[in-house]
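Trainee: Now for the letters of each chain:
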Amino acid sequence: MTETELLMWARGPALQVATVIFLLGIMVRILEILVLGRKANLAEARGSAVAGGLRTIVTRSFPDRGTLQRSTFNIVAGYVFHTGFFVVLFLFAPHILVFRDLLGFGWPSIPTPIIDATTLVTIITLLAVLLHRVQDKVMRFLSRFQDYLAWFVTILPLVTGYLAFHRIGLTPPTLIAIHILSVELLMVVFPFTKLMHAFTLFMARYYNGAIAGYKGVNS
Amino acid sequence: MSNEKTLGEVLRQQGITRRGFLKFCAATASMMALPPSMVPRIAEALEKARRPSVIWLSFQECTGCTESLTRSHSPTVEGLIFNAISLDYHHTLQAAAGTHAELARTKAMEENYGKYILVVDGSIPVANPAFSTIAGISNLAMLEETAKGAAAIISVGTCAAFGGIPHANPNPTGAVAVSDIIKDKPIINVPGCPPIPVVITGVLAQFLTFGVIPELDALGRPLAFYGKSIHDRCYRRPFYDKGLFAETFDDEGAKLGWCLYKLGCKGPTTYNACATTKWNEGTSFPIESGHPCLGCSEPDFWDGGGFYKAISMPTGDITRTAVYAIGAGAAAGVALGAVNRARKARAQKAHERVTIEDLNKDS
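Residue numbers (my numbering), protein chains in the order written: chain A, 1 to 219; chain W, 220 to 582.
Some hints could be false.
Claimed, not checked - Each computed DSSO-like pair below joins lysine-lysine, with the alpha-carbon atoms no more than 27 Å apart:
| hint | chain 1 | residue 1 | chain 2 | residue 2 |
| --- | --- | --- | --- | --- |
| 1 | W | LYS528 | W | LYS461 |
| 2 | W | LYS224 | W | LYS334 |
| 3 | A | LYS39 | W | LYS326 |
| 4 | W | LYS224 | A | LYS39 |
| 5 | W | LYS402 | W | LYS326 |
| 6 | W | LYS447 | W | LYS497 |
| 7 | W | LYS242 | W | LYS224 |
| 8 | W | LYS563 | A | LYS194 |
| 9 | A | LYS39 | A | LYS194 |
Since the hints were made in silico from the structure, they are not lab data.
Just chain A, with the same shape it has in the complex:
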């Protein structure tokens, strides 16, 4: 297989398969949860469940003071690598082209030096997150294979993307093929691991908020 064939395979059949597994898996998991439904609450409503649910989706995005003080590293590093990941994923011109191909519309990109710096910061933060997980006794005790797998498939596209952008080590088509394949690995692993939180966290927050909202209390 030549490097062009590898790249064409990554952009073609491999991407198709990864997309099917990714979307089909996500849909199955979300609908399984939704279809299971919830027990009817027979108590009289004291407030709006919907308003409470929506509010909590937003409010839970901001850490409260106590949590921030107790787990400063987790929260700051968590925000940095999540934000960095999204900036790189959604605001880099070549990535936007992929979304435009998929969705039929695109959006403006940001300058590449910013993407470049953000990628580095994100990679360093993810390394720090792993170090923290390994060094902290409690974290290490709680960690399972899946936690390391999720970390690995998250940092891999960032590292391969950085190498592809700077063309380090191998020829550009090979580097881009490896980068695309690393993203496809993330897509395939995504629905079957805790990475599903990217979708389920909003459902969980909504449920929590809705329960409290129905009771007329703040969540």
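Add chain W to chain A, keeping to what the hints say.
Mentor: Frame of chain A; chain W shown alone:
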């Protein structure tokens, strides 16, 4: 032309001044990223160099490479330097025809055995040797025979270097590159469709000056010309970095000369000297004319998923796949949810209350 005269003598005969010659030497040194102190050495070596015998074999090609090298720049110092080599066989350019032409080749081979430079343009069909023949000799046989006595081989153009357009999927003739057949000779790949004329003369000049083949990259290309990507040397690169792109060929961005990445430019993955040496006596190069780079100096550039599709984009219809996957996922999710609900209902129905009496019973 006689092989006895030196390059310097031939050039003076052609009316090239010393100044013009040194300018060429300086330009060559600069292109090859050599220090200025090397200019006199290049001049001296070229001045004294005996015109090397060059046998040029054209296989499955379009003659575009020859056109590029002989016509586009004529008459310039590069062109004359090119004339000044002893081009003993080139079936497009030579006057001789038929048996005489082939005799010229065998004679040059005998007289300069082990010393001549073999230049090849075009790919070699191996699916059936009869697909391309010259004077009844298959390309494969002619290449193998002529390569035996060559000091070095220069594969000119993407077809000779990597198989090029004949090699494109589905490759009906089984076209391969020179390096796929010849393994025991130094091969310099000078790809491009066509390659830049000064790159050819630069490679020849370096060979004449130092007597060794230039430093090559992993794909056998001289690093002096193929060491940097088009993207890295592109004058539109600042627009790429700023995120300013032409979205179509006639929008405001295109008129303002913004980056052509979104129109499928292969500059980031293409290594060639177009952005620096340019074409037509340094006038411009494809990107400067408003067209994305096709990546013609890279292997399999014809099969790269479309000239007007950026290299990051999916090749197939990803939207349709996504819609089907979401639809199938939704159906499967609902079905699985229904199964889960049914299981839950069955479990509730099968639920038996356990009383204290049950627990106190002796089993």
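Trainee: Does the structure keep W:LYS447 and W:LYS497 at a Cα separation of 27 Å or less?
Mentor: The hint holds at about 14 Å.
Trainee: Has the given pair, W:LYS224 with W:LYS334, been kept, meaning a C-alpha gap of at most 27 Å?
Mentor: Holds, because 17 Å separates the two Cα atoms, which is no more than 27 Å.
Trainee: For a C-alpha distance cap of 27 Å, please report whether W:LYS528 and W:LYS461 respect it.
Mentor: holds, 21 Å
Trainee: Under the criterion that the straight-line Cα-Cα distance not exceed 27 Å, is the pair W:LYS224, A:LYS39 satisfied?
Mentor: The hint is violated at about 100 Å.
Trainee: Next pair to validate is A:LYS39 with A:LYS194; report whether the Cα-Cα distance is within 27 Å.
Mentor: Distance of about 26 Å is within 27 Å: holds.
Trainee: Please work out if W:LYS563 and A:LYS194 have their alpha carbons no farther apart than 27 Å.
Mentor: Cα-Cα ~25 Å, so holds.
Trainee: Is W:LYS402 close enough to W:LYS326, meaning Cα to Cα at most 27 Å?
Mentor: This hinted pair holds, its Cα atoms lying about 24 Å apart.
Trainee: Hint check: W:LYS242 vs W:LYS224, CA-CA at most 27 Å. Holds or violated?
Mentor: holds, 22 Å
Trainee: Are the Cα atoms of A:LYS39 and W:LYS326 separated by 27 Å or less?
Mentor: violated, 96 Å
Violated hints, in rising order: 3, 4; the structure is consistent with all others.
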